[in-house]
Amino acid sequence: MADSRFTGTSSYIATDDLSMAVNAAVTLERPILIKGEPGTGKTQLAIEVAESLGKPLYEWHIKSTTKAQQGLYEYDAVARLRDSQLGDDKVHDISNYIMPGKIWEAFAAEEQPVLLIDEIDKADIEFPNDLLQELDRMEFYVYETKELISARHRPIIVITSNNEKELPDAFLRRCFFHYIKFPDQDTMAQIVDVHFPKLKKDLLSEALNAFYKVREVRGLKKKPSTSELLDWIKLLLAEDIPLEALRSENARSAIPPLYGALLKNEQDVHLFEQLVFLDRRTNPQ
Amino acid sequence: MLIPFFYRLRDGGMKTSITELLTLHEAMKSGLAGQSVDDFYLLARTALVKDEAHLDRFDRIFGAYFKGVDDSLADLMQDIPEEWLQRQAELSLSDEEKALIESMGGFEELMKALQERLDEQDERHEGGSKWIGTAGTSPFGAYGYNPEGVRIGQQGSRNRSAAKVWDKREYRNLDDSVELGTRNIKVALRRLRKFAREGAADQLDLSDTIDKTARNGGMLDIRMVPERHNAVKVLLCLDIGGSMDDHVRICEETFSAARSEFKHLEYFYFHNFIYENMWKDNRRRQAEKTPTHEITNKYASDYKLIFVGDATMSPYEIAYPGGSVEHWNEEPGAVWMKRLLKTYPKAIWLNPEPNTRWNYTPSVKLVRELMDDRMYPLTIAGLDDGIKSLR
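Chains A and B, in that order, give the protein sequences. Residue 285, in our numbering, is where the first sequence stops; the numbers in between run on with no holes. Residue 1391, in our numbering, is where the second sequence stops; the numbers in between run on with no holes.
Any given hint could be a false lead.
Stated by the list, open to error - Once the Cα atoms are required to be at most 30 Å apart in a straight line, the calculated DSS-like pairs of lysine-lysine come out as:
hint	chain 1	residue 1	chain 2	residue 2
1	A	35	B	1280
2	B	1298	A	35
3	B	1263	A	63
4	B	1263	B	1289
5	A	67	B	1298
6	B	1298	A	213
7	B	1233	A	63
8	B	1338	A	63
9	B	1212	A	67
10	B	1338	A	264
11	B	1212	A	181
Unchecked claim - Here are a few chain A residues that sit away from chain B, every Cβ distance over 12 Å (derived from the structure):
hint	residue
12	112
13	142
14	197
15	215
16	231
It should be emphasised that the hints constitute simulated quantities derived from the structure, not laboratory data. Glycine residues also receive a C-beta, built at the ideal position from the N, C-alpha and C atoms.
Please work from the sequences and hints to get the whole structure.
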């Protein structure tokens, strides 16, 4: 298995514990559940795993209305009813109306694929329970055509969750688990480095300082995360903001330039401006 | 060799199952961990821990088990109820403080003193007096640690320091699985329903389909509607501990009924009165507080606010800064209360004490004034009245 070890890619920094979790899941062919703050690269992980191991990727993005059955297959009864009224010949073969879902597609893949089940906590609370058997045995039964679909190669399943709902124990037992911690400044510097290799050292450290300072502001609805930081740095570079603008005598009382990239809702921006204003009033320069 | 470790994890309160243990063995057999302890640690963690809240506990047990911490300590750990061992405040000791421990006769002595103290507190608690902990009464507070938890960094541990966290004052979470007697409460809460069809049209509207198909000369014309949801949003704040211990049952029933009745239900706990923080989990209430202004910022004003509490306390706890029995509050509770009421105009206070007794307690009077008299007894009839004023 030495050739198929995941250690991060040229554009994705994986910490030791993350690579261990992924490798365990790949070796034992078990699903891996990834949790962590939004924007720490949970979804990106599946894409990078697929790329670095050279495997096809199937993405299933979960919404609040998604049902487990939709990942397996859907039977389009309405289309069949309509065809029967129009006298279409297709109507006699029920398999014309069975639409394979993402799990079926992954099971039918020619080589071992990577299947991403994104944001599983968005779905109904029973959703993970409905997939227990399918993820465990990697097979399911199509009642309409009476056939058993089983995986040709057990896919590497990456499941992400934002912790909006508790997942059932029975489901958790079948998965490996990894919680992506928010990166510390050193790891963050590495992450920024792979995305912006030519970034000047001093600009990077100033940007990181400003970023962690914004994260420390209490009461923000949504703290800025890695992806916001990367966007912000991209903007700083595009606008060619001078280093001095990031640096200030009393760093707390300065609003970082282009902060719209870091704060994503008006209450947070408002709160932040208020804090800065208060701070200026109490500590006049 | 992993089986004793497995049992240690379970004794430590982790819900690790046999499946997970077998998975770990399988992973070791396939050579994933190699020869290194670090790799084994990572592998064991990814296979056995399924909740980030348990990571710290796992580290602690792992550290204790594989470092071979001496047995006297292990026995001591078993003597203490599990919930006392939950992680609370984190306080790492600095070098000077470690030196101070040494000067007191070292780690062993400290542990012994701690155990004596735990025994003593247990008796006192059974004696019936309330555990209103004030900083400064704890002998451990005198040494300058956090009075509620002592965390002693173990030397030479890996990654994150595995350590012992001792907790004392703890309240149970309200159990929302109590079903008995909740029916009446559910019926009362049901009046707060406001159905709305929102979101994607994914249900067949049968009568409209028949109607449209008939008008269409028999050709099918499918009509869909969105599912009906209860659109009411509720923010429930529950008083816990102290004088509320007598009312735990009725509170559990209310909580249980509310949990199943409202799709958008958020709940927070407080102790005696509202201050700058509330919390969601009583066991981790020192570590995971939610600032009250974060709550008002996060949940929009269309939430209906329901307090459940006996409002029985010293009036200072409401009206003065620093009046809280648990911590030093910069602003009086009444100010926080007014802020909440300003954000959530629809609010009621449910009081489990019978209303005949309300007049004898000055703090109840104060709270009623703050709430504009929207205080109702926690009975079916009172709940009915309260819900009416929420609508």
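Tested hints:
1. Between residue 35(A) and residue 1280(B) the CA atoms are separated by roughly 20 Å; this keeps the pair inside 30 Å, and the hint holds.
2. As the CA atoms of residue 1298(B) and residue 35(A) are separated by approximately 22 Å, the hinted pair is consistent with the 30 Å bound.
3. Taken as a hint, the residue 1263(B) and residue 63(A) pair is honoured in the structure, with Cα atoms around 17 Å apart against an allowance of 30 Å.
4. For the proposed pair residue 1263(B) and residue 1289(B), the alpha carbon gap of about 23 Å is at most 30 Å, so the pair holds.
5. A threshold of 30 Å between alpha carbons decides the hint, and for residue 67(A) with residue 1298(B) the separation of about 29 Å falls inside it, so the pair holds.
6. Taking the CA atoms of residue 1298(B) and residue 213(A), the gap is near 21 Å; set against the 30 Å cutoff, the hint holds.
7. At most 30 Å may separate the alpha-carbon atoms for a hinted pair to count; residue 1233(B) and residue 63(A) meet this at roughly 21 Å.
8. For the proposed pair residue 1338(B) and residue 63(A), the alpha carbon gap of about 38 Å is over 30 Å, so the pair is violated.
9. A threshold of 30 Å between alpha carbons decides the hint, and for residue 1212(B) with residue 67(A) the separation of about 28 Å falls inside it, so the pair holds.
10. Restraint check: the Cα-Cα separation between residue 1338(B) and residue 264(A) comes to about 29 Å, which is no more than 30 Å; the hinted pair holds.
11. Straight-line distance between C-alpha atoms of residue 1212(B) and residue 181(A) comes to about 55 Å, which puts the hinted pair past the 30 Å bound.
12. Against the 12 Å criterion, residue 112(A) stays outside the reach of chain B, whose nearest CB is about 16 Å from its own CB.
13. The claim that residue 142(A) lies off the interface holds: its Cβ sits roughly 22 Å from the closest Cβ of chain B, which is beyond the 12 Å cut-off.
14. With a least CB separation of 29 Å from chain B, residue 197(A) remains clear of the 12 Å interface cut-off, as annotated.
15. Every CB of chain B is more than 12 Å from the CB of residue 215(A) (nearest about 15 Å), matching its label as outside the interface.
16. Every Cβ of chain B is farther than 12 Å from the Cβ of residue 231(A); the closest lies at roughly 24 Å, confirming the non-interface assignment.
Consistency with the previously given hints fails for numbers 8 and 11, ordered from lowest to highest.
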